[in-house]
Structures are given as structure tokens and as C-alpha cells.
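K.L.:
As you go down the protein sequences, you meet chains U and P in turn.
The working numbering puts the last residue of the first sequence at 407; the count rises by one with no breaks.
The working numbering puts the last residue of the second sequence at 166; the count rises by one with no breaks.
Because the hints were derived from the structure by calculation, they are not lab data.
Take the hints with a grain of salt, since some may be wrong.
FRET-style restraints, in silico, Cβ to Cβ [claimed, not checked]:
hint : chain 1 : residue 1 : chain 2 : residue 2 : range
1    : U       : Asp231    : P       : Ser111    : 33 to 39 Å
2    : P       : Leu140    : U       : Leu239    : 19 to 25 Å
3    : P       : Gly126    : U       : Leu241    : 40 to 46 Å
4    : U       : Glu190    : P       : Met99     : 24 to 30 Å
5    : U       : Asp242    : P       : Leu110    : 17 to 23 Å
6    : P       : Ser111    : U       : Gly215    : 32 to 38 Å
7    : U       : Phe186    : P       : Ala100    : 21 to 27 Å
8    : P       : Ala100    : U       : Gly184    : 36 to 42 Å
9    : U       : Pro182    : P       : Asp109    : 17 to 23 Å
Built from N, CA and C at the ideal position, the CB exists for glycine as well.
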Amino acid sequence: MPVDDPGGVIAAGPDRQTRVIGGEGGSTMSYRLPAGLFQYVESVYVELDTSGASDARPELAIATDNGVVMARKRQGEDVLGGDTGSATWALRLDDERRQPDTALPYGYLVYKRGAPSTVVVPTGAVGKKVLFTSAQASDGVTIHLDGVTGSPDGFDLPVGLWSLTAMAHWGSSSPTYEKTAFFLNMTFVKIGTTGTVDMETFNVLPVGSNGYVNNMTAMYHNVATFPPTQFVGLQVTQNSGVNKDLFYAVLSVVRMVDA
Amino acid sequence: MATNVAAPLPDLSLEDEAIITVDAGDAGSVITSMVIHFTQELPRELLAPVLPPLFGYANGDEPPLGVA
Numbered sequence: 149m150p151v152d153d154p155g156g157v158i159a160a161g162p163d164r165q166t167r168v169i170g171g172e173g174g175s176t177m178s179y180r181l182p183a184g185l186f187q188y189v190e191s192v193y194v195e196l197d198t199s200g201a202s203d204a205r206p207e208l209a210i211a212t213d214n215g216v217v218m219a220r221k222r223q224g225e226d227v228l229g230g231d232t233g234s235a236t237w238a239l240r241l242d243d244e245r246r247q248p249d250t251a252l253p254y255g256y257l258v259y260k261r262g263a264p265s266t267v268v269v270p271t272g273a274v275g276k277k278v279l280f281t282s283a284q285a286s287d288g289v290t291i292h293l294d295g296v297t298g299s300p301d302g303f304d305l306p307v308g309l310w311s312l313t314a315m316a317h318w319g320s321s322s323p324t325y326e327k328t329a330f331f332l333n334m335t336f337v338k339i340g341t342t343g344t345v346d347m348e349t350f351n352v353l354p355v356g357s358n359g360y361v362n363n364m365t366a367m368y369h370n371v372a373t374f375p376p377t378q379f380v381g382l383q384v385t386q387n388s389g390v391n392k393d394l395f396y397a398v399l400s401v402v403r404m405v406d407a
Numbered sequence: 099m100a101t102n103v104a105a106p107l108p109d110l111s112l113e114d115e116a117i118i119t120v121d122a123g124d125a126g127s128v129i130t131s132m133v134i135h136f137t138q139e140l141p142r143e144l145l146a147p148v149l150p151p152l153f154g155y156a157n158g159d160e161p162p163l164g165v166a
């Protein structure tokens, strides 16, 4: 970037419609439009050094000569920390943050059987939905969507407010077991660097010993703010000795607001 | 890898000496440069002396009363 105004001293730019201003080593920077002219700003572009910083979300403010702010516009995505980047504000651009702020329908699905690695949820992207699912067909099994005793499989959530939904479904395809009590343990866990903490535990969910139920679904929904380096997962256990066929569980996380 | 982000700019005509400020959003970030692209227009009262007379009136004068 050829800087024709090092140190923030304003002078003519590469062309008469452009001002290129050198930074002054700070995290904020201002430019005062020249006097005596009608102005129509078409773009503002900054380059950032975030090598010593966390993720940064630049914001533009436009104020009158006496400091009255008339507009603010924050970027929709972070410039990641530990690197460099740029932020542009320009007329007629689409906002990058166009995903819905609700759970549907934006997202992607991760299918899990066995013990997958941790799924790292990207930063940013309000409304991003991530699903974690697993299926089993045998009796008395446990679905681990987290590594309770081992590596912290599950979602590695960046700091921020997340909507978490856990769902498990089970049933029997045989009339023989229609009156069988189905028991399911759903444990919603938060795993930090020092161990496992039960964030919310679904106690045994009895259908009832005389229940005429072939299928049942249990769902839990929570909105919580997570600090950095937290993993969430879902553990679902069928009690042994009870014949069950269809059995699967889904954990989804949706980012609700900006960090 | 550098992260480049973009967003729409508020579409405003600005008074002279308006102030454009960018806050990087993290105190540890350093803004290394800023580029502003804009169009400028001279106010009419400054242009009037150098513009050719329009409909016979010069210097930005208002037409006399009764003259369309």
C-alpha cells in the first residue's frame, strides 16, 4: 500500500478523488473532509495489523464537524486476530452478514458414528446452524456426541451466545415391545479444559411401564453464553435389557448474536 | 491468511469537514492505512462567478419578480 500521507498528515492522494492516509499506530483513525466543498463519500478502506490482537470487528462512524454522529456501520464479519486484514465500506455493497438470525434453514450437517474428532464451529456467521447426529439400531447402546471420559469430542464453541438444541428419538418396530418401558438418559455436557461439568442432565425419561408407545421424541433447548474454549456435546444412553430399534440423537448449535 | 471483510457504506451527502472514523474493534489492532474515495462538488455560490450567464442572469442572481 503506497501511503502518500504518512503519519496521518492529509495531502493529495494518488488521484484527486482519493486520500491515502498512513496509520499512526492506533486502533482508531479519523479523517476530516476538506472544508468548503460538498462531499459524497463512496468508499472507505482500512488495512489492519491484528498480529497482536484478538478477532476484531471494525466499525465506521460518520460525524458532523462538531462531532455529532450521524451514522455508524459495523462490519458483519471479524478480521481474525494474529494476522492482517482489511475492511471496506462502499456504496451499493451487499452486507456479508445475510444469514438469518434464526435457526432455520442455514447450516450443515455432520453425521457421526463412533468417535469423531472435535468439530470446531467457526467464528462469526450469526445464524449458522450446525447439526451433530448419530444413529444406532442395537439395544442398550450409548451414543456419545461428546467424549466424556476422553478427548473432548463435540462442538468447540467460540465465545458468544448460542442456542443449543438436543433431541433424541427412539421406538420399537415390534408390537411385542409396545408395553415395554423405554428409558433414555440424555446428558448435555460442557467440557472445559479441566474436566467435565454436567450442564444439564435429562434424568431417565420414563415412557411408563404400561405405556403404549412405539415412538417418542425428547427435546431440550437452551440459550447460553459460552466462554472461550468450551466444548458441548450430547450423550444419550438406552438402558440395557430393553429392546429398542430405531434410536438416534441430534445436537444442534446456532449462533444467536455477535460475540 | 489475511481476512478481508466488506460492508455497505451509509449513503450520505456530507457537510464539509465531516469526520470519518474507523475503530478497528480491538484495542490490540493497528490500523496501518486508510483510503477514502469521494467526489466533491463546489458550492453553487462559488461556481456562479465562473459559470456562463444562464438565461441572461449572471452571478447566481435570482430573476426579477414577474419573470419566469
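K.L.:
All hints are to be evaluated individually against the structure, with a verdict given for each.
P.N.:
Cross-check of the supplied hints:
1. Checking the proposed 33 to 39 Å range against Asp231 (chain U) and Ser111 (chain P) shows it holds: the Cβ atoms sit about 36 Å from each other.
2. At about 22 Å, the beta-carbon gap between Leu140 (chain P) and Leu239 (chain U) stays in the expected band of 19 to 25 Å.
3. Judged by the Cβ atoms, the range 40 to 46 Å given for Gly126 (chain P) and Leu241 (chain U) is violated: they are separated by roughly 27 Å.
4. Between Glu190 (chain U) and Met99 (chain P) the C-beta distance comes to about 28 Å, which sits within the given range of 24 to 30 Å.
5. For the pair Asp242 (chain U) and Leu110 (chain P), the beta carbons lie near 19 Å from each other, so the given range of 17 to 23 Å is met.
6. Roughly 19 Å separates the CB atoms of Ser111 (chain P) and Gly215 (chain U), a value that falls outside the hinted 32 to 38 Å.
7. A beta carbon spacing of about 35 Å between Phe186 (chain U) and Ala100 (chain P) contradicts the range 21 to 27 Å that was offered as a hint.
8. Separated by about 38 Å at the C-beta atoms, Ala100 (chain P) and Gly184 (chain U) satisfy the suggested range of 36 to 42 Å.
9. The beta-carbon spacing between Pro182 (chain U) and Asp109 (chain P), approximately 20 Å, falls within the hinted interval of 17 to 23 Å.
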